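J.: Each chain, letter by letter, is given below.
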Amino acid sequence: MKDIREDIAWAKINQDVLKSLENPRKLYWVILFVAIAMVGVAVGCEIYQYSTGMGVSNKNNSHVWGLYIATFIFWIGMSHSGTLLSAILHLMHADWRKPIYRFAEAMTTFSLMTAGLFVAVHLGRVWQIYYALPYPNERGLWPNFQSPLLWDAMAIFTYLSSSIVFLYVGMIPDLAICRDRMHEGWRKKLYTLLSLGWEGTDRQWRNFRVTYLTIACFLIPLAVSVHSIVASDFAMSQQPGWHITSFPPYFVAGALYSGCAAIITLFIILRYVFRFEEYMTMGILKKIVRLTFAISMVWTYLNAVEFASVWYSHDQASKDVLIQKAIGTYAPFWWGMMFCGSVVPLTLAFKRFQTNIPVLFAVSLLLNLGMWLERWMIVAPTFAHGIYPWAWDHDQWPSFVQWGMVFGSFGWFTLLFMVFCKVFPSVSMYEVKEMVYHRRQETKKLEATGKFATAGKGAH
Amino acid sequence: MMDSGFDRRDFLKVMGWSGAAVALSGCGNTSIEDGKETVVSYVEAADYVIPGIGVYYNSSCAQCDAGCSINGRVREGRVLKLEGNPASAINRGKMCGLGQAGVQHHYNPDRLREPLLRNGDKGETITWEKAYALIAEKLKGVSGEEIAFLSGGVSGHLKVLLGNYLASFGCKNHFVYEALAPGVVRAANKKAYGAEMPRYNINKAKVVLSFGADFIGAWVSPVHFSQQYAQFRKGVDGQRGVLIQVEPKMTLTGANADRWIPVRPGTEGILALGIINALGTATGDIAAAVKGYDKARVSKETGVPPGQIDKIAAILKLRSPSLVLAGGAAEGYAHGSQNAAAINLLNHVLGNVGKTVEAAAAVPFPQMVPAKGNTAALKSLNDGLAAGKYKVLFNYAANPVFTAPGALKFKDNLSKAGFKVAFAHYLDETALQADLVLPLNSALEDWGTQVPEYMAEGAQINILQPLMENLHPNTRGMGDILLALLKQRRPEEYKNYEDYYAYLRAAMLQNKVALGGNGKDDDSFWNETLTKGIIKLAGTTTALSGKAGVAGLKLPAPTENDEQYPLQLIPSVNISLRDGRHSNQPWLQESPDPLTTIVWDSWVEIHPKKAAELGIVEGDIVEVTSRTGSIKTQAYLFPGIHPDAISIPLGQGHEALGRYAKGYGVNPFQILDAVFDRETGELAMYETRVKVNKTGQRVIVVKDESAAGAKQIREKIAGRVSSDNVDLSKEV
Amino acid sequence: MSKRHLLALFSNFDAAEAVVKELRDVRINGFDADKDMIVKSPIEHPEVEEFLGYKPVHVQWFTLGGALMGGLLGFFLISGAQANFYAQIKGGKPIVPFPPNFVLTYEMFILGGVFISVLGFLICAGLPARRSPLYSTKVSEDQIGILVKSDENAANTLKAIFAKHNALEIQEEAGK
Amino acid sequence: MSVSNLLENWSQFRHYHPVDDKPHDPYKWAMSIDLDACVGCNACSVACYAENNLPVVGKEKYAHGMSMHWMRIEHYWDEDVGEEGGREFPDQGAQFLPMMCQQCEAAPCETVCPVGATNHTADGLNSQIYNRCVGSRYCEANCPYKVRYFNWYDYPTTDNVWPAEMTQQLNPDVTVRGKGVMEKCTFCVQRLSAAKVTAKSEGRIVHDGEVQTACQQVCPVGAISFGNLIDPQSRVHKQWRAQQVELDKDRQAKDEKEGGTNLRGYRILENMRPYPSVMYLERVRESAI
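Residue numbers (my numbering), protein chains in the order written: chain A, 1 to 460; chain B, 1 to 732; chain C, 1 to 176; chain D, 1 to 289.
So here's chain A without its partners, still in its complex pose (with noise of 0.2 angstroms):
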């Protein structure tokens, strides 16, 4: 099954992705409104803690931490894919990324802003949040640079800040051909400004050509870097269940996991709303869906890791973790993880199910869910059950407003993409033409060789 025709006429890609820019149809509203709404709950639950104390959110002294760590984190590992498809494929040349790396680095983008979101709302002074901003004042006053919370910071801003020069530079060519199709109106002006006057001459092609691939060299190291550091919010700590090795690759290849798991989902609603059938074809959908099948077999194979090293060390106290995550208070959703993150990535292994529409979107839901439970099972049973059995708390319950901020941060996320997507093609153009062009010079030398009988019929 082909990835893409080579007989798409470079113009057709052209109407067909601008197409997804022009007034968006009834479903797009109500998915939007849904979004506001559920961002208004998040709003809510936060002027409520706010005003009143992180006590609302239920969480106690001994329990210091809880969902919003668990979330943030969550986010943090979404946007993986996104670097995943846009620089690692792109080094490996792996052509096939080409209609579907601009959403994913989106997602990257979006994602990003979501956790970033998190720090700010488990603050307890959240007023105070620029304490944590390395910047030079009058009382001499710095930054501990120590903690790893400040390493997220950083590392978090960059990667953000990066993914975004990323996205737009890849999409200046683009905006170029939105500025040449669009009618006068505001977005004819922005597209104007944004192409920085871009017209494809080769003295730009070769210097974006450069630009393009050095960025992807930097964004790899840069991404694995981000999360090996989340992993150390809880690697670089005492506590037992937290103070584990294997954490930083685990954490990496979690968040490639639910990356991938959240593009298959994105790239199915995509497909289906802006009608792409034609550029985000089984074939590729295949690809992805292997790719996140080998990802959750290495997720799950580091997940046996970590037990296994923790079963065979002489902590105790992690070991007593291990277990009573296994039969205490958050067993359930434990075994859940364990579940939709090493059970049901195996219906993926089928051929039957590689291509099926509603089971895979399906799936990559379940994973989701299931990478989710996994952040949280990091972080709540240690707390429950830590070094000093005197603080072991009474199972502390999340409040509604904790849940209500999970819930929001869904709807924002959303809210961002939806308006990308009307804003900004979301399929690259021009790359998916570089596509189409190889695919059909391929074919060329094959019928030259005279292995083919076919022939790709060209376009003009």
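To be clear, the hints were calculated from the coordinates, so they are not data collected in a lab.
Owing to the predicted nature of the structure, the values given are computational and were not obtained by experimental measurement.
C-beta: ideal position from N, C-alpha, C; glycine also.
Please note that a few of the clues may not be correct.
Partner residues aside, some chain D positions facing chain B, computed with beta carbon under 7 angstroms [claimed, not checked]:
#: 1; residue: His15
#: 2; residue: Ala37
#: 3; residue: His75
#: 4; residue: Asp159
#: 5; residue: Pro163
Based on these hints, arrange chains B, C and D on the given structure of chain A.
T.: What follows is chains B, C and D alone, placed relative to chain A:
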């Protein structure tokens, strides 16, 4: 470079705090900004006000009757914290949590501020003049017999004034009622030693065998005993003292014992005799009396294994002097006096009398020594009320409606009294029944003298002096009130005393010589006295009559099982709430019970084994029913209790008193049966038998203890070591 | 003598390539193939570079510089901040600990690298650029454009060449 | 200025504390608690409420585990009590343990604070800077003893925490903490600094017994002793030395000895290398009874 940095920081800190002082005065009614307080110029401040500096004044703690001397920190005319006065032989600069909370009694938002006169079921504010006039009017043509004065333990000049006031009517009905006073033990001691409260030298003893005397927690003079306990543990030349605690429900003292012996409730006396028997040192009629108490029988009746009895006897023989104490758990039975007698007998047999049990010094002013009393007094008052004998009833520092055993129906009888006057700090359960309620100063605003019942070395009189101006303009000291009332009766005698302070000063100066002020001029003597806060006296000691008598010593066999009410109810004394008069002090409510760490509530302690039988788990709401009544509260599984007994702490379950007390927990006093000690007629607190039923509800017990249930897991947290492996003599 | 622009559009790269070759070979005065010829294409297409001949790209130098600058800045900012006069021990670790500083230096290294290379890109690619006199939106769709600049008199020869390679469309600047 | 400072004092900035650092000078505040004396009466805890303006959170919040007792009295039963085949009764009593901030020399809470609100001070305390705290609660998450307490609500403005009258009892030397900051035992730093300032003005160092913590001052059994560990005259110094417990060791030499020693000094979770400043003396159990 670093040092300079550090100096700067220290400096900043200090600045910081004075800043804080201002900042925090912003979060209260003292804020100058909201104009609730007039700005005072410190140019001509009163000499005791040094802005930003805490000054300390000596006074006395009135939270319980132990009579600790305190040292109050005062700043900008506000008392901030109470610390112990090192000069006092009783507490030597130390304090207990209850005493610390004195400031919260003083600053309590629920304190009474105005005299209240009953108007229907509401109280309306009246002036003091009106109140006094009203009292005078009500007393007109009322004979002495028709007046009753109920009070808690009073001593010092207050007692003198009170006496004089009652005498002015020829009234003999002064009922002194302290719900938790060791009435039976006093009587037993009087018999055995010739003194109600001899001095116990715990610190001199090598072994302390305590029958339910919670001397560390809440018994007689805990702070003093705790200090002795510390010395006792250090021991002489590293020979650490051994504490054996015999009681059905583990008290704080039991929790600190080397051996805690869960004896079957009520058989303490039998065990004591059994030990005498096992000692085999007794002669004559004592030997004859204990002959029957061989190990087999004693062990069978008390549930203490024979080996245990041997061990106790052995160590008592080996290590002398020892000390045997009889406390709450031993006296709270119909045969309480017998128990106590048997236990005291043990002291005689061991020859402790004169060594660890010594004669206490007494103040040479008999009229000032504390008036004691227990439920027997309340009972006779109750009978009187039931018979409608009393036209006027005064009530001071007692809350019988809350603390009287339910079986007495005190509240109903109280309504039969004609005119009820309550002198109170809070609108407590009893004050609510009164017709006239007069608001009192807190102990930190008041003048007074105090004579502790339990005297440490030598005798002493404690001075109470105000640590600050009246918090509320319309409260009065009890002394002032009595004086005012006396002036109604005997204007001539008292006209020279403009207020209680004047009276007190005059009275003290009268006895200047006796009080050790010989040769000093009045002012310097008086100032010295106030500065010290204590007057130490040689005191008079009457030697103990060391006669060991077994006459009339009969111990009943343990009560056989009562099918209907299978369990023994032990109303335990919580170290900070005691009889509940201080339940409205939030620090006490939130300081966890040491053994269960439960806060803000009541609970039923049940042994896990028994609980398993009854199918009860922690947090089950159970109904505890006695012949008198029933209460519902949460269950707590507690290994430190005899399986045939359950225990509910006293002090909670207020229906009034204030925001921090009302509606928290239940009041076990309500379900106590009217069983009294045969000899003294005091309440037999431990004789109430109950049954326990599940109600089906379950709650999460609010406690500090974690889900781990007070077990050490993995890491060594609280270390312990066998006495063989330590050498205390080497320690600093 | 005044110059004027010509823009020719071609349907595919082969045609464009042929044109470029020819324009290089023919000697037309007032027209220098290296300077006066710009190829515009809708896709990033390596072959274009091949037949246009090698032109150097300098972005990577910006990258290198940026990364190093970021790294150094990062390390000294952090260590300097740790060592200011409020220096205080934390957790018994040295006041200037290497592992954390390494992590942050690493991040700053990347941050610098990314930002400066983008800056480099804009500079090297001459963006944002003023729009060239002749432009066809076809270029951003599916056609390859060749923009040349020549003297009046050379224009016709150039047109001829374009026509020969059946240019789809030839635009020319209005004469002055 | 900072960078030059960095280069000048490079060697100083590279010390590990306390293992290869010079000892605090002239002060190192430390404590020792005799569990054989401690009777678990809670007086220290109440004293702490009085001295340090701790809020009384009330039943509901206490139920949620939001209590603010800087000093908590823990009690433990022997492991075998109530277990299968174990003893039915805790007939050797309970074990009480006053637990408060251990003022670790290498405190796990310090490194992780994003804003540096908690530091190791020159006199060996683990300080908490309330107005710098942003409430990330990472310190508590990483505290092995779980002795840090977070202001989940704004207690000064919460009903019945400090009614108008009771605000007059608040200690002006100690700030009242607002919503969203972490707090913990300070070894009564307000008293320490006052004493240090006095001493400095008299050109001497604070001598033993001159300054007491609130809990030490009130303790009826004198289980707590507190003072300057460097001062050879101080009781704490003598006790630590007599017990052969060394501040900068993660396992004490005496514990390596064959058959052990007759000493009962130990520090809790020493092996995690926080180097706590509080030494506990094991409770003694009589073997003859």
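J.: Flag every earlier hint the structure violates by its number, smallest first.
T.: The structure breaks hints 1 and 4; every other hint is satisfied.
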